[in-house]
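*Asks:* Protein chains in written order, with this note's numbering: chain S, 1 to 238; chain Y, 1 to 475; chain B, 1 to 239.
Just so you know, the hints here were simulated from the structure itself, not pulled from any lab data.
Cβ atoms here follow ideal geometry from the backbone N, Cα and C, with glycine treated the same way.
There could be a bad hint or two in this list.
[Said to hold, decoys possible] Quick list of in silico lysine to any residue cross-link-like pairs, SDA-like style, CA-CA up to 25 Å:
id: 1; chain 1: Y; residue 1: Lys79; chain 2: Y; residue 2: Glu57
id: 2; chain 1: Y; residue 1: Lys393; chain 2: B; residue 2: Lys56
id: 3; chain 1: S; residue 1: Lys69; chain 2: S; residue 2: Lys42
id: 4; chain 1: S; residue 1: Lys125; chain 2: Y; residue 2: Asn104
id: 5; chain 1: Y; residue 1: Lys163; chain 2: Y; residue 2: Arg194
id: 6; chain 1: S; residue 1: Lys133; chain 2: Y; residue 2: Glu184
[As the list claims (entries may be wrong)] Derived contacts from chain S toward chain Y, CB cut-off under 10 Å, selection only:
id: 7; residue: Gln2
id: 8; residue: Gly13
id: 9; residue: Gly20
id: 10; residue: Leu64
id: 11; residue: Val65
id: 12; residue: Thr67
id: 13; residue: Lys69
id: 14; residue: Val116
id: 15; residue: Trp119
id: 16; residue: Arg161
id: 17; residue: Ile194
id: 18; residue: Asn196
id: 19; residue: Gln199
id: 20; residue: His225
id: 21; residue: Lys229
id: 22; residue: Met230
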Amino acid sequence: MQGTIKNREAFLGDIANQLGRERVTHVKRPKWTYNPQEEVLKGATKDELLEVLKLQCTKVHTKLVLTTKEELPEILANSVEAVGGGPIVTWKDKRFEEFGLGKLLKEDLPKADVEVFEWNSALGKDNIVKAEKANVGITISEITLAESGTVVLYSSKDRGRTISFLPTNSIVIVPKSTIVPRMTQAAKILREKIKNGEQVPSCINYITGPSNSADIELNLVVGVHGPVKMNYIVVEDL
Amino acid sequence: MSMKTSSEKFKVRVKNQIQDSFMRGAVASAQETIQGRKQTVTDELGNWEEWRNHGEEIRKHVLENLDYYLYVLSENVAKRGGHVFFAKTAEEAGQYITDIAKKNQAKKVVKAKSMVTEEISLNEKLEAIGCEVIETDLGEYILQLDDHDPPSHIVVPALHKNKEQIRDVFAEKLDYKNTEKPEELALFARQTLRQDYLTADLGITGCNFAVAETGSITLVTNEGNADLVAALPKTQVVVMGMERIVPTFEEMEVLVGMLTRSAVGQKLTSYITTLTGPRDEGDVDGPEEFHLVIVDNGRSNILGTEFQSALQCIRCAACINVCPVYRHVGGHSYGSIYPGPIGVVLTPLLGGYDDYKELPYASTLCSACTDACPVKIPLHELILKHRQVIVEKEGKAPFSEKILMKTIGMGTSSPTLYKMASKMAPALTKPLSTDDHITKGVGLLKEWTDIRDLPAPNKERFRDWFKNRPKGGKE
Amino acid sequence: MKVTLFATCLVDMFKSDVGKATVELLERLGCEIDFPESQVCCGQPTYNSGYVEEAKPAMKQMIDTFQHAEYVVSPSGSCAYMFHEYQHIFKDDPVYGPKAQELAAKTYELTEFIVDVLKIEDVGATFPGKVTYHTSCHMTRLLGVREAPITLLKNVKGLEYIELPGKENCCGFGGTFSVKMGQISEQMVNEKVQHVEETGADYLIGADASCLMNIGGRITRQGKPIKVMHIAEVLNSRA
């Protein structure tokens, strides 16, 4: 569906006028003179990046746990318990099954009376009600930025945006293979997708730790509108 | 509110603000804290100058090609089903947005922090058609509750309020019963606002950076409020100053990181979000209807002038955080939602000189701001340019000052006149002096001598000593 | 080494001791000093108030006065910086543009000249006392001279150097700002004086007479026992 554009020609005409020239219809993206962002953590190995990520998490109120695919179900269950248990909401994502979490999420937890709700686009607003009542939201990081301790999440009809914001606590599963130095690499990855004809997700979240504010006397308060606690579970062999 | 926040005279505002000891302590302490954090997090990079150069080249390039990038942005937003409205004036923007509210029968509006929406008095316009407008940024929420107290800083708007004052506002307006501890105040705001997000009809955000290549807008927060404002209501309106745009995600990420480091000393804030159009087919959250309102409101008049670099601003407040004048007079003294050095530069450009003619003189041109700016806006030079414009083009300088400056200009260009005047000076100022100091100045000098002594002119000028001493000056 | 002295109007009229100290110091360091009498004022007060056209005659006067010089040295960071600004102010002037560029290339602030040109870091001075130093905005951020004055001070015999908290903060002078915006200037100079007091120093030193007049004027009005001196006077002190 095409959106509308109003009042553009006069508006842009004024700009060109002020700049003392005709409208420009094509501009090549310049080869920039400076590229300091390329130097950050240049050449670092995944292990080195993991160490950077670990350290950074301690600075952004985020608990990071390192585990393997085999131990992941247990670690996830422990993490959920550590923040007070369910109800849980998760994305609908085949990777949960691929990561070996199918049984935990679909059988073990429900059997232990922990509600696990999987995002279901057919249920519309009910999803949001569930997210609002949830104690834990579980998502999977697409790209993980070592320098800042950031996870990157793409939205879709099966991966609701609000799972990262409404539940009280957030747990993100981070495959070690997704770790890159910083947003520079994430930007390149996304532009590559666009070049290959893929559509940019309508919402991309770069999330670093829990929500916070320093609006009151510059005093940092953790846990404002978004989640109050953040956990990353880094899986070494994924 | 609009850009203008006060109808009191400048000198009166300054006098009152100087007496607000809480504000002054808070501002001084905030400057020290944020400066320190910015220093740490930019030192870590090891080559901050290179980053500044890169930031500058990106912003300069975009401004020089602004019509092109806005064109591409609008095409790409529309391709994804978003609606784009180019608003030349504040009125046009307000009209378009209130029309959307009416069309959607919106009763409750939630907002994330946006300076440009304050500039165009958006809240008042929505309230005038019967909408309830709720600011969700904690600082803005506090100020809104407190009878629309204007912001005093562009990043930490409620800096001038202490926690006791905030507790009292919550108690009076929301029946808050807990203590002044920030954690409790914030938790209360979280609980109260949560319901507002879920029941709002319309969400309004600003835009830190629009990305032309993908038709995306970028939001930068620590609280997560902008994300809820964008994800829950059925209709979303994004309001952006027309210059807040970059070519691709690659430039966006450079500038976002520089913004967060400069503004709050963080590598990244908790939530950086790019939104591209309304929700996709089948999505459950995200807006069904998405509008991008691109606002000019006087910005195009700055293009093609000596002030063009002012539009490079990424609204990080680094200049505000180092300004010695701001430290002592606080944000409200400027009478504008944009305080500090960037406020001094931008406000007269957007609002004219009549209401803001003192601002360019509220500076010692110390250039701490120019040094601090991540995108290298020559702020102190632009402040001086305003003075030149006021004197030459606007003809708004006080008559007595013009005469004085003309006289000084003449006197200092003529060695003969100068020699005469400087020889007479000691005798002329003797009546005003005590010992070697002038303690009671007249006219302009009185401002000086009210708080300082002034050395009396030396009886023997340096040039006379030099002329009269034995050649070579050997002892 | 032939040095042409740019004394500055403030020094000439109000602080001739600073001029004397500058001359004596440079002569002792091996320079031959000349002082062209046609120099008056660099034009800062008018220029910084926005009166460009009114300031230009004085500036041209200065450019002509120092045309013959090999080295132009000034005991004022802001005035030396003004000479560097001329090349931008006259950039469209076919006559004064090139002249201004020549002038900028040979103009130095005093401590900058001693350290960077004469290559001297110890001038052989003696000045016992606890000393703190205010860096002056123009000299620091605009002229870029940060190290030279501190290096020279630290090599003075008997001098105990204590770093001033907020040493790069503006003192609140800003030319006409000090009288046009008196209320704000007062707060800024008070903060500066407070910082000076915190160091426990007996002397406040600076390299710009305008800052020193501002801070010093406040100190004497407040009756505080801190002595304010120009760095030239300290560097010219002998046992």
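*Asks:* Flag every earlier hint the structure violates by its number, smallest first.
*Replies:* 1, 3, 10, 11, 12, 13, 14, 18 and 21
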